[in-house]
Amino acid sequence: MELTPLTGICLGSLGIVFLVLVYAFIRGSRGLRAYIVMRTLLTIPMVFILVTIIFFVMRIIPGDPVTSQLGPRGGPEARERMTRELGLDRPILVQYVDYITDVARLDLGNALVFGQRPVADELSERLPATLELIVPSLLFAVGFGVLAGTFAADHRKQGVDYGLRLFSITAYSIPVFWLGLMLQVIFSLVLGWLPVAGRIDTIIGTTLQRHTNILVLDALITGNWPALWSALKHLILPTLSLGLILTGVFLRLSRINVIETLVEDFVLAARARGIRDSVVVYRHALFNALIPIVTLIGLQFSVLLAGAVLTETTFSWPGMGLYLVDRIGQRDYTAVQGVITIFALSVAIVSLLTDIVYAFLDPRVRY
Amino acid sequence: MATAERAIDQRPQWQRELDQVGLLRRFLMARRWYGADWWFAVLSGILLLFIFSLAIFPGLYAPYNPRAEVGPALLAPGELPPTFVLVTQEGSGVASLQDLAGEERIRIGIVRGSPAASALRDAEGRINEELREANAGVSLRLRNERYDTIDEALAGLAAGEVAVVVGLSSEIEPLLEQYPGLAMSDESITGQATRSFVLGTNQLGQDVLSRIIWGTRIALLIGFSAAVFALAIGVPLGLIAGFWSGPIERVLTLIMDSLYSFPGLILAIAITSVLGPGMFNVVIAIATLYVPTYYRIVRGQTISVKEELYVEAAESLGAKPLSILTQYIFPNVIPSVVVIFSVNVADAILTEAGLSFIGLGLPPDTPDWGIDLALGQRMLRQAWWLVTFPGLMIVIVTLGFSMLGESLSEILNPRLTEN
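Protein chains in written order, with our numbering: chain A, 114 to 480; chain B, 14 to 432.
Mixed in with the good hints, there may be bad ones.
[Claimed, not checked] Output of the computed footprint for chain B on chain A, the stretches with three or more beta carbons under 8 angstroms from beta carbons of chain B:
| id | stretch |
| --- | --- |
| 1 | 277-287 |
| 2 | 395-408 |
| 3 | 453-462 |
[Stated by the list, open to error] Pairwise CB distance ranges (calculated):
| id | chain 1 | residue 1 | chain 2 | residue 2 | range |
| --- | --- | --- | --- | --- | --- |
| 4 | B | Met392 | A | Arg140 | 39 to 47 angstroms |
| 5 | A | Asp390 | B | Gly91 | 48 to 56 angstroms |
| 6 | A | Gly144 | B | Phe65 | 48 to 56 angstroms |
Hints are computed from structural coordinates only; laboratory data are not their basis. These numbers come from a predicted model, not from an experiment. By construction, the Cβ of each residue, glycine as well, lies at the ideal position given by its N, Cα and C atoms.
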């Protein structure tokens with residue numbers, strides 16, 4: 114298997130998952146070990162089902178990739194040739210087995226447009242951009258959401274608490290792409306502070322040597338400060354729109370958790386010992402309330418991916434989401450299927466990881 | 014009997030009191046205990062009633078046809094459209110373009126590249142069309158004389174080089190004093206009354222306000238049908254899977270869990286990209302996302318309710334499984350289903366807008382918020398109002414449903430409250 118950046122990142126993340134598993138397995142109790150084995154084994158059918166759903170959604174439902182790609186201009190010979198090239202003339206079961214084995218080798222087929230390069234190669238160029246967008250967004254959402262939630266819990270039933278609750282409901286009623294458009298109007302077009310779209314200033318971008326294709330990281334490695342500044346400026350609005358949408362959920366959960374923790378005996382004991390109120394709330398109560406946040410990160414990961422598709426479309430951010438939308442427009446169904454498969458795999462892996470970390474942190478949770 | 018019931022009933026006094034009164038009284042009395050949540054529910058209810066009336070009678074609220082070109086393109090909110098008028102020699106008897114019909118080629122003065130030039134071109138075609146339809150036997154024959162400024166054009170008219178000059182009324186008015194012999198027609202040459210548009214117009218000259226009002230109908234239709242579809246499939250499956258466990262139930266649960274973990278919008282993208290655009294396909298795609306939500310909640314509650322004493326009692330009295338399911342278990346899941354339904358409608362509206370925004374939803378001329386946002390994004394630099402108002406409408410409607418869901422969950426499931 115050729116080592117493209119995509120396979121590199123996939124193998125790398127699998128390696129991290131494996132290390133976490135091994136660490137938890139060695140350090141954990143007997144119950145935890147059994148749980149880890151169970152949960153890991155359960156991931157296999159889950160991935161299998163997801164991939165199967167994708168396959169059947171893409172092939173069985175009426176609508177035929179050859180017609181949609183060739184359009185009315187394709188003659189019968191062209192149609193036949195393309196059907197054969199795509200392997201669509203074979204029995205459906207053979208196609209299914211083929212697809213599953215291809216996915217296992219991370220071979221996502223060749224794109225139908227633009228030089229027909231392997232989808233895996235094209236995706237590996239897009240993946241770093243998506244990572245550069247979703248990681249800061251998630252950090253922002255968790256950081257801001259948890260702190261604001263704790264603050265609201267500390268000021269329960271006061272004005273600021275109601276205000277923050279209303280903010281959290283509003284946050285997930287706002288379409289992420291509309292928030293992005295509004296931020297563009299305000300900060301780019303009216304105030305002129307930040308760029309409207311893209312990842313980096315085109316001219317500055319040419320001076321930047323690409324190693325990881327995560328531009329902020331590349332600029333840091335090569336010490337290219339103008340490029341770093343430009344990349345950061347381009348990052349602010351997309352991160353803010355994607356992050357703010359997710360903040361509401363984290364705010365709600367941490368608020369409720371901190372409220373529940375604040376009535377526990379150990380908090381009362383800490384208060385009785387005369388520890389300062391802020392320390393009790395922001396250290397004792399908050400740290401205990403953080404554990405369920407781990408699960409929420411896992412659950413929100415899929416929201417994050419869906420949000421990334423829309424955010425990338427809004428900000429012309431050349432990540433996997435924009436690639437998906439572009440290729441839907443080009444009717445390149447191999448590419449569409451490839452992106453969705455990668456999304457499904459990453460969701461399954463993140464969900465496995467968060468479940469294990471949660472079980473490791475909170476011994477009460479076992480199957 | 015009454016005493017025995019009271020002895021079993023562990024609920025606080027006020028909740029027992031609520032059982033004694035009618036539905037309306039109960040609703041009003043609840044204000045005392047639920048406080049902010051009650052107000053949330055009532056306010057969002059009133060908001061939603063208004064939104065429903067928009068969706069049912071959009072024609073009553075919308076000033077214009079949402080698909081028709083009703084004014085000049087890209088008019089800002091409240092801005093008056095420019096009026097293009099004729100300037101003629103005083104006493105020439107020409108008040109509108111129609112008056113020029115049937116004569117020899119009329120020499121007419123315009124400013125090169127000005128909006129008045131294109132307005133004249135449009136008006137000429139329209140008037141000739143009208144004359145042909147009316148079989149008037151005459152037509153309008155104009156010959157354009159181009160000038161560089163409106164000042165030059167007026168000078169040309171005063172010197173008799175052209176018979177008529179066309180220009181913006183706001184431009185011409187201050188200049189008229191310098192040319193005492195010239196007069197401006199009262200009517201606009203486009204024949205349209207000068208009216209402003211509350212929320213402006215888009216690049217196709219459609220009224221933004223009318224489009225977002227008609228968009229309410231599409232959004233609610235899709236939101237509700239998707240949530241109803243999902244409920245009709247998810248709730249029975251959840252009840253059955255919770256009641257009879259077995260290998261099929263395990264597989265079903267695994268499938269539902271996998272679907273649930275999948276990014277909703279991306280699954281909807283996959284389904285609509287294969288099914289193609291269209292209202293029904295969008296509803297199917299979105300409904301698929303929510304089936305697992307109902308399934309998981311209903312199954313979980315069925316499993317826990319199944320263990321309750323009264324279910325066991327009913328079983329020992331010989332009640333059939335189906336009647337246990339419908340009479341004893343189903344009523345217990347209704348509150349959660351109501352809450353999920355409300356939240357789902359909000360989420361479905363957001364998802365539909367997202368699909369339309371990336372061009373996968375409905376046919377492009379539909380008055381739909383997502384489509385309007387996608388159209389507006391192309392004009393972001395010129396027209397902020399095209400993206401602002403449809404998005405604001407999405408926020409208001411989804412906020413209404415989310416707030417209703419939130420407050421209902423506090424009111425219907427008192428166990429979930431933080432106390």
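Could you say whether the range 48 to 56 angstroms given as a hint is met by the Cβ separation of A/Gly144 and B/Phe65? Since A/Gly144 and B/Phe65 have Cβ atoms about 52 angstroms apart, the given range 48 to 56 angstroms holds.
Is the coverage entry for the stretch 277-287 of chain A by chain B consistent with the three-residue Cβ rule at 8 angstroms? holds (count 5)
Okay, A/Asp390 versus B/Gly91 on CB: inside 48 to 56 angstroms? holds, 52 angstroms
Annotated coverage of the stretch 453-462 of chain A by chain B, confirmed only when three residues or more have a Cβ within 8 angstroms: With 5 residues closer than 8 angstroms to chain B, the stretch 453-462 of chain A meets the three-residue bar; holds.
Report holds or violated for chain B covering the stretch 395-408 of chain A, Cβ cut-off 8 angstroms, minimum 3 residues. Since three or more residues must qualify, the claim that chain B covers the stretch 395-408 of chain A is violated, with 0 doing so at under 8 angstroms.
Against the range 39 to 47 angstroms, how does the distance between the Cβ atoms of B/Met392 and A/Arg140 compare: consistent or not? Check failed, 58 angstroms falls outside 39 to 47 angstroms.
Checked against the numbered hints above, the structure breaks hints 2 and 4 and satisfies the rest.
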